[in-house]
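Chains as they are written, first to last, in this note's numbering: chain A, 16 to 608; chain B, 982 to 1372.
It is possible that some hints are incorrect.
As the list claims (entries may be wrong) - Listed below are the simulated DSS-like cross-link pairs for lysine-lysine, each with C-alpha atoms no more than 27 Å apart in a straight line:
#1 Lys95/A to Lys1264/B
#2 Lys70/A to Lys1161/B
#3 Lys188/A to Lys1288/B
#4 Lys95/A to Lys1364/B
#5 Lys101/A to Lys1264/B
#6 Lys1288/B to Lys101/A
#7 Lys1291/B to Lys188/A
#8 Lys1219/B to Lys101/A
#9 Lys1219/B to Lys95/A
#10 Lys601/A to Lys588/A
#11 Lys141/A to Lys1118/B
#12 Lys141/A to Lys1326/B
#13 Lys1245/B to Lys1219/B
#14 Lys1291/B to Lys1264/B
#15 Lys1219/B to Lys188/A
#16 Lys188/A to Lys1264/B
#17 Lys1330/B to Lys141/A
Just so you know, these hints were derived from the structure itself, not from any lab.
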Amino acid sequence: MNQLNVTVNGIAYRAEAGDTILELCRREGIHVPTLCDHPDLRTKGICRICVVEVKGYRTLQAACSTPLAEGMEIATSGDKVRRARKTIVELLLANHYTDCTVCPKNLSCELQSLANEYGLTELRWKERRERIIPRDLSSPVFVRDNNKCILCQRCIRACQDLQGVGALANLWKGDRTIIGSAFNRPISDIVCINCGQCVAHCPTGALHEKYSVEDVWKAVDEPGKVVAIQTAPAIRAALGEEFGLPPGTRVTGRMVTALKMMGFDYVFDTQFAADLTIMEEATELLTRLKGALVDKKHTHLPMTTSCSPGWIKFQEHFFPELLPHLSTCKSPQQMFGALLKTYWAERMKLSPEQIYSVSVMPCTAKKFEASRPEMGREGYADVDFALTTRELAAMIKQAGIDLTNLPDTPFDNPLGDSTGAATIFAATGGVMEAALRTAYEVVTGREVPFEHLDIKPLRGFEGVREAAVPFAGLKPEYSWLEGVTLKVLVAHGTANAKTVMQAVKAGTLDAHFIEIMTCPGGCLGGGGQPLPITPEKRVARARAIYEEDAALKLRKSHENPAVAKLYADFLGKPNSHKAHELLHTKYTPRGRY
Amino acid sequence: MARKIDLVFSDLEPGLALKKALAMKPEALIDTIKESKLRGRGGAGFSTGMKWEAARRSAAGKEACFICNADEGEPGTFKDKRILELQTSKVIEGMVIGARAVGATRGFIYLRGEYNYLKPSILAKLAELEKLGLLGKAICGEKDFCFDLELRLGSGAYVCGEETALIESLESRRGEPRNKPPFPTDHGFLGMPTVVNNVETLAFIPHIVLHGGEWFQEFGTKASAGSKLFSVSGDCAKPGIYEFEYGITIRQLLREVEADADTKAVQIGGASGFCASADDFDKAIAFEGIPTGGSIIVFNQSRSMFKVLKNFVEFFQEESCGQCTPCREGCSRMLEGILKFEEGKGNSKTITDLLELAETMSLASKCGFGQSVPNSFRTIVSKFRDEILSA
């Protein structure tokens, strides 16, 4: 590697050729403020807050977009730099609708902290004292307030580059520029998958999820109602961040305690339904494989997973002709909701109307999923309110609870029992790993041949990963699989999913089963997770998830005793008629226009 | 005294220079251009030979692109329009020679949208030259020398005259400047090494090829070789297009165009240029003096410099692409500040605030557009402060 010698603030550094000034400064712990830059996103160099002085250059240089050169002498502070940055913050603030005290991003707004950093005490320009652009409230899951937008384009890049959706673009030009949609239509009229990556990458209050906090408090307080809450696997590895704990701290038991203290009657685990999903989905896969291999029928392979509601809507919009490939299994949230108001209600001798079904998800798309008309029966919804991790954190704080100092409490039974296979649903590749642990054992009677059940090729953060598992020594009823090598693929971030599905469409992809997670990193990097979202946090959360799995005694979905009991007492067997009725769903081809 | 020159509009036999260029090695061709010290006529004044050399170096083995920037948009300039009216084939020949030098096989003329009326004549010229074997496939009978040249029209954005915004626009995206580096010579149109040259720059190429690099240096000054076209407008008896060698003083230019006796100010380089007052009239127009892309606007004593300034700032506020903070927000705040004077609310504090804003705009903007917005503001305010304060 080519090495360069440069100085920053008079101190000599060696750097890699091709690195930018900002990359060097970050690595060396030299503070340079940024706004439009984000480690997940392509460099734009447009907010200009990161300008630094480079000797010999007439103008200041944006640290984010300026590559280092041999002998560069860089100054990251000084009068010229400080004045320019202060002016930039002042310009942004003057055009920003500043209702900080009632803004959802109060105290977590990047513009607000820059104003503080540069000590702004007055604005010399005419301020935006009211909303001059109406908010777009049309999305089922988030709010767009252009009056607070600083045009950093992080949302545009997240939507286009990470997600391959391209719902947002800048419209008009100059000081009339706004972030908008095609023909400036409301979000509800255009192709949006509700993933919330725009929200998760927004530095200000211009984008935030639609809040269900007040509705949930009201439900908790409503007399005569039973409020049951389910928490997704990704929450336990991220919620602690909102309370100052280092990323990757597991807070499972403390979270349950907090929820109990807040007045939730039953605290359950979405992981119960994740194990159930594996039973249903693995059975569905084997049926499809048998159809293709034994009955020589046309079955839709590869089969794609259906846990991630952003991905489902993505496929409905972009690949409606491939919907038969999508597993008919509902997501764990929705399987859980359906069972809560049937199976559990019967056991508890409650009628569905007496139950409030609440979920905590790392996800904004789950709000939309819960509201899909097919997700309920007899006029009631399976999930009444879907909260994000951030909303739950806000509620815990409102209840005056310090999460960090709580004892552990286990989840309630039976919908709180789960295995490690369900825990790893939170990470990209986790659903596939869980499915293989079960499918392999179902057909061979032996454990999947990976050390400690860890299917390492499926782990990590590469955009697309694959694995092949040869079947041999099968149980007699699965002898038709003898000699077959199961080929599986994992993709996360719908931009990667798009590439994979284009290959499926072209018939060039050699795979039987594909896991797709909408968000980069999977659910642990979901649009509803604590902010700011960074690659390091995703790594730490994944570590916590895999640690939690490794520490559990039960790590295979088919070993979940509560799930076995559910089949014995209620559903019969996987993919039974009753299971289909409650746990499977249909999709809506939407197209792009 | 600077000489009046007649190069750009003089007729040349089509293909003559190209044939001479084809007899040379591309490296020798680049050396000739370097030797001529020709600098870009669009305003920035980068050495044309060095630009070609950089593109040739990074093109080695790759497809390269050669673009003619005909997005003449600076307020007060109209010389490229005339060149394209009268000397189309010379400009195209300059491009073909350039393509040969850098190894480009693809090219574009990016024509200002408002010059749409030139489209038929340019297309006819392209067809004619192709028929003559001076463009397209197997140029001048050389089997391996192909240059596919397309005419594309802009859509009215001033910022698309900035070369990277122009390239973005050619790629069907919003015309917004890119980060530099990478420069277009390394990563231009669709990632190809790309040269972007102004119309006027290209019109000089065939002459330099025919007469040699040293010959070109006979005109102009040491740092600014050759001649320059000026688009002159405003308070003078003979507005129009003039060609002078570099180093001409403002005073001489004013005399040549029969400017009004009571000339108060001259705006050199259009809205993004500099305002000269009587004290400056003995200064030379050259890269080392007052640089210009060619726009010269003369103002007599009856003109309000406040209105001139307001007009320029309104133009910038309208034309800023809006991507970077200092330019997008700065242009509208600069206009807000200037309007205060009209409303009787402006004072010297306003000027101080605006100068501070101007400093940030020129130091921190992403591209040359935002960086040069403050030029006219600063020069007009420094020379006509009282006029602004009493507007």
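Evaluated hints:
no., hint, verdict
1, Lys95/A to Lys1264/B, "violated (30 Å)"
2, Lys70/A to Lys1161/B, "holds (17 Å)"
3, Lys188/A to Lys1288/B, "holds (24 Å)"
4, Lys95/A to Lys1364/B, "holds (25 Å)"
5, Lys101/A to Lys1264/B, "violated (37 Å)"
6, Lys1288/B to Lys101/A, "violated (30 Å)"
7, Lys1291/B to Lys188/A, "holds (20 Å)"
8, Lys1219/B to Lys101/A, "violated (48 Å)"
9, Lys1219/B to Lys95/A, "violated (45 Å)"
10, Lys601/A to Lys588/A, "holds (20 Å)"
11, Lys141/A to Lys1118/B, "violated (59 Å)"
12, Lys141/A to Lys1326/B, "holds (13 Å)"
13, Lys1245/B to Lys1219/B, "holds (17 Å)"
14, Lys1291/B to Lys1264/B, "holds (26 Å)"
15, Lys1219/B to Lys188/A, "violated (37 Å)"
16, Lys188/A to Lys1264/B, "violated (37 Å)"
17, Lys1330/B to Lys141/A, "holds (15 Å)"
Checked against the numbered hints listed earlier, the structure breaks hints 1, 5, 6, 8, 9, 11, 15 and 16; every other hint is satisfied.
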